[in-house]
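Student: So the chains spell out like this:
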Amino acid sequence: EAGVTQFPSHSVIEKGQTVTLRCDPISGHDNLYWYRRVMGKEIKFLLHFVKESKQDESGMPNNRFLAERTGGTYSTLKVQPAELEDSGVYFCASRPDRDNEQFFGPGTRLTVL
Amino acid sequence: GESVGLHLPTLSVQEGDNSIINCAYSNSASDYFIWYKQESGKGPQFIIDIRSNMDKRQGQRVTVLLNKTVKHLSLQIAATQPGDSAVYFCAEPREGGNKLTFGTGTQLKVEL
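In the order they appear, the protein sequences are chains A and B.
Quick note on numbering: the first sequence equals residues 1 to 113 in the numbering used here.
Quick note on numbering: the second sequence equals residues 1 to 112 in the numbering used here.
Everything labelled a hint here was simulated from the structure, so no lab data went into it.
Just so we're clear, the structure is a prediction, and the values are computed from it rather than from any experiment.
It cannot be assumed that every hint is accurate.
Said to hold, decoys possible - Stretch by stretch, here's where chain B covers chain A in the computed footprint (C-beta under 8 Å, at least three residues): (1) 28 to 36; (2) 44 to 51; (3) 96 to 102.
Unchecked claim - Capping the alpha-carbon separation at 25 Å, the derived lysine-lysine pairs in DSS-like fashion look like this: (4) A:Lys-78 / B:Lys-99; (5) A:Lys-41 / B:Lys-99; (6) B:Lys-71 / A:Lys-44; (7) A:Lys-44 / A:Lys-78.
As the list claims (entries may be wrong) - Selected chain B positions facing chain A (in silico; Cβ < 7 Å): (8) Lys-42; (9) Gly-43; (10) Pro-44; (11) Phe-46; (12) Gly-97; (13) Asn-98; (14) Lys-99; (15) Phe-102; (16) Gly-103; (17) Thr-104.
Note that the Cβ used here is the ideal one computed from N, Cα and C, for glycine as well.
Could you put the whole structure together from the sequences, leaning on the hints where they help?
Tutor: Quick look at the structure:
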């Protein structure tokens, strides 16, 4: 069974540009999460989808971040416009309803110059 | 606010030795913890979990100890191997288990 996949694996952009990260959860997992790790710090929760609905977006830093999950399958996280402090590794995770374990993707390393 | 996962940043051990990675938390009401392993280029991977009604839980080569009195938990890895090199995080699921709160992580380096 394929795990959680994320695209791209790396992205280098300039301040002010737009970047869209994609996450494909494990098939059949209704729960999808985004997390972020800024260099050397803890991994922080950004938001949680249940199918296509945002269940909790309390961790989203500001309105430059927009997450979507149209159709309840894959999800995108758009940063517009990107700022230097947005650099970090963005992880996606998914979880089936009847299990507590979240399965993480490999992450997207975002560098904003 | 309440914190979880105050780690030492780096731990170096010799191959074959036992490793102990520590984690402190501040919320005395915390009742469930998970240890994750993150290898370079990969996402965090579940290793072992423990609930507050237990003091100890063992897995394959790993043991987690929970001391609720001092709000401390540890991950012990027996006979550490090069493949154990990774960043280890303790984490606490909150908000009904949907919001993992991680610590800063400990980088485990295994020296040959």
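Student: Now tell me, hint by hint, if it's right for this structure.
Tutor: Against the structure, the hints come out as follows:
Counting residues of the region 28 to 36 of chain A whose beta carbon lies closer than 8 Å to any beta carbon of chain B gives 3, which reaches the threshold of three, so the coverage claim holds. Using a Cβ-Cβ cut-off of 8 Å, 3 residues of the region 44 to 51 of chain A lie near chain B, which meets the minimum of three, so the contact claim holds. Three residues within the 8 Å Cβ limit are the bar, and the region 96 to 102 of chain A against chain B gives 3, so the coverage statement holds. Distance check on the hinted pair: A:Lys-78 and B:Lys-99 sit about 21 Å apart at the alpha-carbon level, within 25 Å; holds.
At roughly 17 Å between alpha-carbon atoms, A:Lys-41 and B:Lys-99 fall within 25 Å of each other, so this suggested pair holds. Between the alpha carbons of B:Lys-71 and A:Lys-44 the distance comes to roughly 21 Å, so the proposed pair stays at or under 25 Å and holds. The suggested pairing of A:Lys-44 with A:Lys-78 holds, with an alpha-carbon distance near 17 Å, which does not exceed 25 Å. About 5 Å separates the beta-carbon of B:Lys-42 from the nearest beta-carbon of chain A, less than 7 Å, and the hint is met.
For B:Gly-43, the shortest C-beta to C-beta distance to chain A is roughly 3 Å, which falls under 7 Å, so the interface hint holds. Because the beta carbon of B:Pro-44 sits about 5 Å from the nearest beta carbon in chain A, less than 7 Å, this interface hint is met. Evaluation of the B:Phe-46 hint against chain A yields a held restraint, the C-beta minimum of about 5 Å falling below 7 Å. For B:Gly-97, the suggested interface contact is upheld, since its CB lies about 5 Å from the closest CB of chain A, less than 7 Å.
Taking 7 Å as the C-beta contact cut-off toward chain A, the hint placing B:Asn-98 at the interface holds, the least distance being around 5 Å. Checking B:Lys-99 against chain A by beta carbon gives a least distance of about 5 Å; that is within 7 Å, so the hint holds. With its C-beta approaching chain A no nearer than about 4 Å, B:Phe-102 sits inside the 7 Å limit, and its interface hint holds. Taking 7 Å as the C-beta contact cut-off toward chain A, the hint placing B:Gly-103 at the interface holds, the least distance being around 6 Å.
A least Cβ separation of about 5 Å between B:Thr-104 and chain A falls short of the 7 Å threshold, and the interface hint therefore holds.
Checked against the numbered hints above, the structure violates none of them.
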